[in-house]
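Below, each chain spelled out in residue letters.
There are 2 protein chains.
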Amino acid sequence: MKEKIVYTNEVGATIDRLVEESGAKSVFTIVDVNTAAFCLPLLRETSKAVAASTVLTVKAGDAEKSLEAAAALWKSLSNGGATRSSMIVNVGGGVVTDLGGFVAATFKRGVPYINVPTTLLGAVDAATGGKTGINFNGLKNEVGAFALPAATVVSTVFFKTLPKHEMLSGYAEMLKHALLSGNEALARALSHDAADTDGLLALLRENIKVKTEIVASDPKEAGPRKALNLGHTAGHAFEALAMERRQPIPHGYAVAWGLIVELVLSHLALGYPTTHLYPVVQFVKAHYGSHPIVCDDYPRLLALMAHDKKNASPEEINFTLLHAPGEAEVNRTATAKDIETALDIYRDLTA
Amino acid sequence: MKEKIVYTNEVGATIDRLVEESGAKSVFTIVDVNTAAFCLPLLRETSKAVAASTVLTVKAGDAEKSLEAAAALWKSLSNGGATRSSMIVNVGGGVVTDLGGFVAATFKRGVPYINVPTTLLGAVDAATGGKTGINFNGLKNEVGAFALPAATVVSTVFFKTLPKHEMLSGYAEMLKHALLSGNEALARALSHDAADTDGLLALLRENIKVKTEIVASDPKEAGPRKALNLGHTAGHAFEALAMERRQPIPHGYAVAWGLIVELVLSHLALGYPTTHLYPVVQFVKAHYGSHPIVCDDYPRLLALMAHDKKNASPEEINFTLLHAPGEAEVNRTATAKDIETALDIYRDLTA
Numbered sequence: 000m001k002e003k004i005v006y007t008n009e010v011g012a013t014i015d016r017l018v019e020e021s022g023a024k025s026v027f028t029i030v031d032v033n034t035a036a037f038c039l040p041l042l043r044e045t046s047k048a049v050a051a052s053t054v055l056t057v058k059a060g061d062a063e064k065s066l067e068a069a070a071a072l073w074k075s076l077s078n079g080g081a082t083r084s085s086m087i088v089n090v091g092g093g094v095v096t097d098l099g100g101f102v103a104a105t106f107k108r109g110v111p112y113i114n115v116p117t118t119l120l121g122a123v124d125a126a127t128g129g130k131t132g133i134n135f136n137g138l139k140n141e142v143g144a145f146a147l148p149a150a151t152v153v154s155t156v157f158f159k160t161l162p163k164h165e166m167l168s169g170y171a172e173m174l175k176h177a178l179l180s181g182n183e184a185l186a187r188a189l190s191h192d193a194a195d196t197d198g199l200l201a202l203l204r205e206n207i208k209v210k211t212e213i214v215a216s217d218p219k220e221a222g223p224r225k226a227l228n229l230g231h232t233a234g235h236a237f238e239a240l241a242m243e244r245r246q247p248i249p250h251g252y253a254v255a256w257g258l259i260v261e262l263v264l265s266h267l268a269l270g271y272p273t274t275h276l277y278p279v280v281q282f283v284k285a286h287y288g289s290h291p292i293v294c295d296d297y298p299r300l301l302a303l304m305a306h307d308k309k310n311a312s313p314e315e316i317n318f319t320l321l322h323a324p325g326e327a328e329v330n331r332t333a334t335a336k337d338i339e340t341a342l343d344i345y346r347d348l349t350a
Numbered sequence: 000m001k002e003k004i005v006y007t008n009e010v011g012a013t014i015d016r017l018v019e020e021s022g023a024k025s026v027f028t029i030v031d032v033n034t035a036a037f038c039l040p041l042l043r044e045t046s047k048a049v050a051a052s053t054v055l056t057v058k059a060g061d062a063e064k065s066l067e068a069a070a071a072l073w074k075s076l077s078n079g080g081a082t083r084s085s086m087i088v089n090v091g092g093g094v095v096t097d098l099g100g101f102v103a104a105t106f107k108r109g110v111p112y113i114n115v116p117t118t119l120l121g122a123v124d125a126a127t128g129g130k131t132g133i134n135f136n137g138l139k140n141e142v143g144a145f146a147l148p149a150a151t152v153v154s155t156v157f158f159k160t161l162p163k164h165e166m167l168s169g170y171a172e173m174l175k176h177a178l179l180s181g182n183e184a185l186a187r188a189l190s191h192d193a194a195d196t197d198g199l200l201a202l203l204r205e206n207i208k209v210k211t212e213i214v215a216s217d218p219k220e221a222g223p224r225k226a227l228n229l230g231h232t233a234g235h236a237f238e239a240l241a242m243e244r245r246q247p248i249p250h251g252y253a254v255a256w257g258l259i260v261e262l263v264l265s266h267l268a269l270g271y272p273t274t275h276l277y278p279v280v281q282f283v284k285a286h287y288g289s290h291p292i293v294c295d296d297y298p299r300l301l302a303l304m305a306h307d308k309k310n311a312s313p314e315e316i317n318f319t320l321l322h323a324p325g326e327a328e329v330n331r332t333a334t335a336k337d338i339e340t341a342l343d344i345y346r347d348l349t350a
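Heads up: the sequence lines are chains A and B, in that order. Every letter in the first sequence is one number past the one before it in numbering that gives the first Met the number 0, and letter 205, counting from 1, is 204. Every letter in the second sequence is one number past the one before it in numbering that gives the first Met the number 0, and letter 84, counting from 1, is 83.
Since the hints were made in silico from the structure, they are not lab data. Just so we're clear, the structure is a prediction, and the values are computed from it rather than from any experiment. Idealized CB from N, CA, C, for every residue including glycine. Incorrect hints may appear among the rest.
[Unchecked claim] Derived lysine to aspartate or glutamate pairs resembling EDC-like cross-links, with alpha carbons at most 20 Å apart:
(1) A:Lys24 - B:Glu141
(2) A:Lys74 - B:Glu141
(3) B:Lys24 - A:Asp307
[Said to hold, decoys possible] Just so you have them, the derived chain A footprint on chain B, three or more residues with Cβ under 8 Å:
(4) 61-75
(5) 137-148
[What the hints assert, rightly or not] Beyond 10 Å from chain B on every Cβ pair, some chain A residues (computed):
(6) Arg43
(7) Leu189
(8) Arg204
Using the sequences provided together with the hints, build the complete structure.
Set out below in structure tokens:
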């Protein structure tokens, strides 16, 4: 099924049109405390549907992707008379769209919902693709559902007040999509200033399409969709190690550095051309700086990669690797030695 | 999508074949305390997959379709190392298949599951069609998901020890399917002894097909699937009123009596032929007896019907009605006066 995404900065009017087309009989808007303060006022002014809606507010932050928060939202929907003919509008970053999407997907066995991502990372990552969920039993997205939104409204109007590191965090995912797309998309992504919102909407349109086409070919992640994990195996390990040392790094930064490690692995294993490797390294260094690691970190990084992939041993770890921009191969295993070599080269390149 | 249903009394061997074909790497069996005692021993003897599986036991009864029970199952799956490559086998009646199906549909965004209904009602109703869910906020199935099982194994081996009223309760749903199918299916359903398990498996095969074809045409209940509500609007009202008076009646009995009311309404509104009405009345009286009501019950019954359909007023209530066996029309509204006339005739017919 083709996912519906509208690229526009006329967000309010677009929500109204989508709600009207859906024939929804009532609207519930889910926000977190931040988007309640910074995004909801504009939407209330520009959208009749949002202005007339019941607003449900959750806390901000990943801890809110909880069963307790989901239960509170189900209860509010139930007491508020929501039905399968209602529409839920999720206004926020990944926490709101993951949580709100899961609640929508499961209330009365499914209420349609519209995602209005308010961060770049939300727009390019969580808001599309239909992965919804909550954290449970100490594990991320342990409970959830695949449920595509009725529509996602992608705009840049809410990005102007985002801190620069938030923009960069989202841009790392765009870089990943460009790498999965091909030479031309990669060239365009590398020539755009990562923190610049001007011209971003057009770039988002071509960039998010890369993801939605992969998702449409494999909605429930049986295989090809794993291509979207590019950069994330090494990236998650960087992120987890930094967290263990109480010096957390933003998710997108970890992905940017992880992309370098996995492109080096791609070069070693599949001959990914260095002509398309060095420009990415330069871009990442220029915008994200370097993330220094030492040899003593390798065993823990390997263990974290193995854990992330639920592998029994760190001797054979699954990656998505590239033959070239636009030519991904999923389920490529790499040995501990391969990965250590790639980490060595990563250190040289980013030194 | 066509739903996979296997009709066989070789239940254990069939589960093994289905698990093997799926390539599942681990199996979790969900039972309630009753099926743990009466059904699990046979399955352990005859199925290697069940014998080697992790067994998760829930309480019996509708109160167990709760968020707390779902959370306990998610936790057991998480701690037990279940993945999207596992298989969940639900062994039980509607409570187990609704709860276990919902937990499977949402654990890690969806683990495949096999339903093994152990009651006739479960086989003809809850185990197929992909409606899963839990009760929440005092409302039935307020939270849930549409998620088809990987397969349902329909057998009669577990029915031999069921009380007669349990068999009759399930048979009322079979009667409904036969009415939705046509003259021939209706004749066959009326000539089968409702409490007889011999020959039931072949009858189940043709009968459940009526439901799964309707479901396949409308998996998320946008319209045509409402045909399956036949008999249930009046039936739920009978059931709820009896509950209010602390003289509960079995669900299937309420449906059987509700079918009479709605066939009478069908006759009045759509000319449903009396030649196909009287035999149904005779069958229901012979097997289910009569459910006497008086004029003073009408206002409460109408209010309960309106509430069931979420109508604002009891003046216009939605029904699924029949022009003839096999010719359903959904979303037919009836006025309070129509329904009162139908209730008058129901009383005459069942007196």
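Okay, the hints, checked on the actual structure:
Annotation: proposed proximity of Lys24 of chain A to Glu141 of chain B holds, straight-line Cα distance about 18 Å (limit 20 Å). Distance hint between Lys74 of chain A and Glu141 of chain B is fulfilled; the C-alpha atoms sit about 10 Å from each other, no more than 20 Å. Restraint check: the Cα-Cα separation between Lys24 of chain B and Asp307 of chain A comes to about 18 Å, which is no more than 20 Å; the hinted pair holds. By the rule of at least three residues with a Cβ nearer than 8 Å to a Cβ of chain A, the coverage given for the stretch 61-75 of chain B holds, with 4 such residues.
A stretch counts as covered by a chain when three or more of its residues have a beta carbon under 8 Å from one of that chain; for the stretch 137-148 of chain B and chain A the count is 7, and the coverage holds. Under the 10 Å C-beta cut-off, the non-interface status given to Arg43 of chain A relative to chain B holds; the minimum distance is some 28 Å. No beta-carbon of chain B is positioned within 10 Å of the beta-carbon of Leu189 of chain A; the least distance is around 33 Å. Every C-beta of chain B lies more than 10 Å from that of Arg204 of chain A, the closest at about 27 Å, which supports listing it as non-interface.
The structure is consistent with each of the numbered hints, conforming to all of them.
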